Amino acid sequence: MMSKLGVFDLSVRYGKLTAVNDISFSVAEGERVFISGPNGAGKSSLLAAIAGEVRAAHGRIEMDGDILSGRVPEAIARRGLSMVPEGRRIFRALTVQENLMVGVGLRRDKTAVPDDLEAIYAAFPILGTRRHANAGALSGGQQQMLAIGRALMTNPKLMLVDEPSLGLAPRVVDEVYDRLCSLQAQRGLTLVIVEQSSARAGRVGGRMLLLRGGRIVADGDATAFAADDLLKEAYFGEATP
Amino acid sequence: MTLQLLFDALSLGGIYAIAALGIALIFGVMKLVNFAHGQFIAFAVFALIVPSTDAVAVMGLGAAPALVLVPAILAVGAGLAVASEYLVFRPLRNASPVALMVASFALGVVIQNGLLVAYGGRPKAISLWPELGKPVALLGAEVPMLQIIVIVSVLVVLALLAVMLKRSRIGLEMRAAAEDFGMARLLGVRANAVIAGAFALSGALAATVALVLVAQTGVADVRMGGQIMLVAFIATVVGGMGSLPGAVAAGFALGAASVALQAALPIEARPFRDAFLYGLVILVLLLRPQGLFAAASAKPRV
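Residue numbers (numbering that gives the first Met the number 0), protein chains in the order written: chain A, 0 to 240; chain B, 0 to 301.
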């Protein structure tokens, strides 16, 4: 199968600090890949480099064989890559519906937009109920759903999701992942998700890349990783119960 | 008498509001305080007359019928602003806000000196739409026709701008970009288009102010944008940097306070009206340092 996303020898530096150190991996179409690892492992920097928010110091990023590295974020978004960023970054002064519509400008199939909007409201009914409310008034979990819906409205082929569980109650995290997985199945999306909790990634299921010190230290099945206490201890320093 | 004061306050405040909006729009998307805005106004004023250093002004574009003149001057203002963005601010896109601000000062100096070279330094009398100076009776007061037209035009411009920002694609993108430009770009919003759009609108607003100033004062002066730029900048600070409703409200408030002080102060204190006005401004900022309306966000630029 042709790879959806290819990352080759990618490095990201902030001054003298190397956040991502010579990473290579590829993601197949329709795959779900978790990126896990301790704080400072370079997870968010990796996503930011793929989306074009930070410039890579070295290396190449490809999507469908098309080179993304060196392009501005809006050009990358127009190639079908969408981002649910860390901290959600919803537009608080805009209404829920306006938030969803910001990313529609890049689409060529404008006639499909009303149906897509209704599909988002069907997947996240609370967003439909509050469509004319200011987005700043939503709860954390609702804002996370809005950030996901907003990314989906660009009709992406590849979606990057940064720490969707951050600051949310476990029950809400379950809900977010349920919706995310069913939307992925419906749309044939390729998902790359940064998830600090390897246990959570193991329960959801998929492939897992383990990052530490800016390098990939393990690549395999998320559920198998989560079950492997020795590996967890080795890479996270977590105590085994 | 009091009705006349009300009209004075509305027309002066309206001009301040439009000028302040021109500054707030650009600050909103770029975090740039464009100190060349006053020179944008002056440039649009001089675009009405034929370039020459003679003392007597010869109407060029200014002689055209209003239906041609108004859109043409708005286009001149928008064109100058977009050209400035392309030539001056775009190459500095990733520079610090201070560097951008200094660049805007420099741009203002360049435009002003360009005008001096083309038109000379002496103020020129020009009469635009003199027939509008005639008073009309309204609700028992004698009000110049021009003042009514100014007030109505200001309200129309504000309404159009509000509709554009609220209903149009570029308006939505501008509002999103004003809050978090980086996020808007991740959603495919083109930074260049949004910034150029904000400059075009800002330039058209500067041209609106220019038309009103010329019609009211009958003078073209290279320095005429400076004073109004100062008041408009203060209005954007008082309103809360980057807040568009704040800029409008503070513009009207400054206009009203100015007219009220002029009427209420004893004769011998009137020359110091502006000192009282800016004293009030300081008082407001002491009580509300973030401005009357805090902006949605003060995140860094692109």
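These are calculated hints, taken from the structure and not from any lab test. From a predicted model like this one, the values you see are computed outputs, not experimental measurements. There's no promise every hint is true.
Think about it this way: if two alpha-carbon atoms lie no more than 30 Å apart in a straight line, the pair counts; the simulated DSSO-like pairs of lysine-lysine are [as the list claims (entries may be wrong)]:
#1 K133/B x K123/B
#2 K133/B x K109/A
#3 K156/A x K109/A
#4 K165/B x K30/B
#5 K15/A x K30/B
What the simulated footprint calls covered on chain A by chain B, stretch by stretch (three residues with Cβ under 8 Å from a Cβ of chain B suffice, anywhere in the stretch; the number is not a length) [stated by the list, open to error]:
#6 62–74
#7 118–132
#8 179–193
Each residue gets a CB set at the ideal place from its N, CA and C atoms; glycine is no exception.
Each hint, compared with the structure:
Proposed proximity of K133/B and K123/B is supported: the alpha carbons are some 22 Å apart, at most 30 Å. Between K133/B and K109/A the alpha-carbon distance is near 52 Å, which puts this suggested pair outside the 30 Å criterion. A hinted pair counts as satisfied when its Cα atoms are at most 30 Å apart, and K156/A with K109/A qualifies at roughly 17 Å. As the CA atoms of K165/B and K30/B are separated by approximately 21 Å, the hinted pair is consistent with the 30 Å bound.
In summary, the hint linking K15/A to K30/B is supported, as the alpha carbons are separated by about 28 Å, within the 30 Å threshold. Against chain B, the stretch 62–74 of chain A contributes 3 residues with a C-beta closer than 8 Å to a partner C-beta. That satisfies the three-residue criterion, and the hint holds. For a cut-off of 8 Å, the count of residues in the stretch 118–132 of chain A with a CB near a CB of chain B stands at 0, and the three-residue condition is violated. Check on the stretch 179–193 of chain A: 0 of its residues sit with their Cβ under 8 Å from a Cβ of chain B, so the three-residue criterion for coverage is violated.
Checked against the numbered hints given earlier, the structure breaks hints 2, 7 and 8 and satisfies all the rest.
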